[in-house]
Structure formats: structure tokens, C-alpha cells
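Chains A and B, in that order, are what the protein sequence lines are.
Residue numbering for the first sequence follows this note's numbering, starting at 1 and increasing by one per position.
Residue numbering for the second sequence follows this note's numbering, starting at 1 and increasing by one per position.
There could be a bad hint or two in this list.
Not everything, but these chain A residues come out facing chain B in the computed CB check (under 10 Å) [claimed, not checked]:
#1 N4
#2 V40
#3 G179
In short, the hints are calculated from the structure, not lab data.
Just so it is clear, CB atoms sit at the ideal spot from N, CA and C, and this is done for glycine as well.
2 protein chains.
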Amino acid sequence: MQGNPWRRLSRRVAYANPWLTVWHDEVIRPDGRPGIYGVVHFEGHATGVVALDADDRVLLVGQYRYTLDEYAWEIPEGGGAPGEDPLAAVQRELREETGYRAADWRVLGGCWTSDSVTDERATLFVARDLTPGEPSPDGTEAIQVRWVPLPEALAMCRDGRIMDAMSIVALQWVALDRGRSSGAG
Amino acid sequence: MQGNPWRRLSRRVAYANPWLTVWHDEVIRPDGRPGIYGVVHFEGHATGVVALDADDRVLLVGQYRYTLDEYAWEIPEGGGAPGEDPLAAVQRELREETGYRAADWRVLGGCWTSDSVTDERATLFVARDLTPGEPSPDGTEAIQVRWVPLPEALAMCRDGRIMDAMSIVALQWVALDRGRSSGAG
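Only chain A is shown next, with the shape it has when bound in the complex:
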């Protein structure tokens, strides 16, 4: 019963830009009737990092999200190039957006951000032992940087000041790990 109950009859590229491709598929649905499926294919693998300093503060970046027409505070994130190692991608993004490098990297886990419509896969990290440097944001980024105590960052997730799902998942993982290991997280 875990096999694919969908059957694809045809696929055409409905839209493409350097970051995503939209496929319009003609399908046979699970109930056997004809239907369509629009799939948003991401060219890159998403990454994000909870960067913690020696005082257990989290590095947040603020930027205007064009898609939602909202200002957003998030963990540093970025899409890797196709085939790029997620760790290399997230290290680059942290450096570009904030200037920081980290000596200690650990994978928190992975998620699919919006699997009814997209195939975006994300890998989330925690980084410690940070060294500041000069940021070099790309031309699509106008970024503010802010240090927030971890409990405050979690409160921001809970009350809507942080809305980005990848940020929320990653910060929750850090908090839950800490609960399990009695403060050693």
C-alpha cells in the first residue's frame, strides 16, 4: 500500500528560472480518475544554521521576504547549488550573510518544507565556536544581524515574531536536545 498510487501521463515545463522549475503533469489520480499536478521543483537543497555564541545567544538575520511582503527574522539560510554538499553551502551562507565562520558543526536533521506542492528538501545544522568576519551578502540580500538569547528565540517562534518553518524546526531541535541532555545541548 506504500507504492505510488499516482500515474504520470505527461510532463511539461510550465515555468523555469535559475532557482526553480514548475512542472505541469497530466496524471491518473489515486482514485483512477484523470487529473493534473503542478510541481515546484527546487534546483538547490535548502540549508539553515542555528549559530550559538559562548553566551548561548542565537544569531538571527533580518530581511524583507519578497514573497510574503513581510519583514522576517530567521536563522541564516540559503539554497545550495545543485549537487553542492549541504555543509559547504550552509558554511558559505553563514559567512556571506553574517561574516561568521564556525569551527564546530553538527547536523540537527532534515525536513521537506512544503511537500504538497514542492520537492524542497532542507538540512539544518547547529554551529558553535564562532569567529567574526566581514559579511558579503549577494545583491538580493539586505540583511540585519541580531544576537538573541536562545529562550527568547524560542519565544519568538511561539508568538509569531519568527514565522519561517526551517528556523522554527531548527530552534526547536536545539531546545529539545537540551531538555534531553539537561542543559548540555
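Guided by the hints, dock chain B onto chain A, whose structure is given.
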């Protein structure tokens, strides 16, 4: 500095189906240079629910995710119709996918699932006091239902058996609430 640093020069509909519209925008980027932005606009508001029974088990639904070509265990989820109240939408989705109705509903919070490309907004709920009934999945859904103890559901989020971001966010909010209120969550 929190104003919109992007300027839209033009917008055209690159693709549309009943669930989403893809806009291709010509823009001036934050650095003042010309660029493009492809935005995936969701017609409906996403919802999901952690449904808990009297034994503190979570109701999971299994379905094949066409987008990722993967089988997925998730909390019951669904997109509301444009303008539909998220609570009404999630109650309908829970009933259709699993047959269950719940007497006790609470909002956990909201998130943006993939804000670099989409404007999808989600509201997540916890429901208790469940009454079984007959499911009535729509023709795009071939669904299995499974009850899992909450700690096991959280372990599934952590080890990759649950990858859906909305499911992870919602389950972890329930767990973190419980930590704060010493088991009363």
C-alpha cells in the same frame, strides 16, 4: 531599514492551476540592480493538526507524496479554500482523511513553510476529545491511518521517518509546551 528594499517593475502569470499561481516578476533588487523573482502563490491557507487520544497517542496519516516521490507519514493536513477559516478547514481535513471529529481545539501557532519562493502560510492546531467516524478522502488521497505514542512521533521527526516541516513544527510545539507545564500539555 525594515522597509521593502525590492521594487517590482512588472508581474506576469507564468502558470496557474486551482491551487497555485506562479508569478514572474521583473524587479529592482536590494542592491539597485535589475533582476527577476519567481513567486509561487498559494490560493489556500495550509493547516495541520496534532490529534491526541486519551492514551496520548498521535494520529498520523500516511500517503505518497507525488512531489518528492516518497511515502510520507504526517499529521493530518490540508489547504483551506481561499478565505476559509483555518479552524473550519482543519476540522474538515481531519474528518475527511481520518473520520475523526474532535471536541477540543487549540491553536499551536503559525508558520511560513518556504518563504524564499512561496507565500504559503500555515496554522497548526492540537485537538483532543476525539470521536471516530467514516473517512471520506478525496480522489487525490490514498491514505493510511496510524496511532503512535507522542514520544515515538517525536523520535520519528528526529530520525527522518517524519520529514514534513509542518508536522515537525506542530509535534515539537506540543512537546515543548509539555516540558514547560510539566506534563499537563
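The hints, checked one at a time:
1. Because the beta carbon of A/N4 sits about 5 Å from the nearest beta carbon in chain B, less than 10 Å, this interface hint is met.
2. A cut of 10 Å between beta carbons decides the hint on A/V40: the least distance to chain B is about 5 Å, and the hint holds.
3. Look at A/G179: its Cβ gets to within about 5 Å of chain B, closer than 10 Å, so that hint holds up.
The structure is consistent with each of the numbered hints, conforming to all of them.
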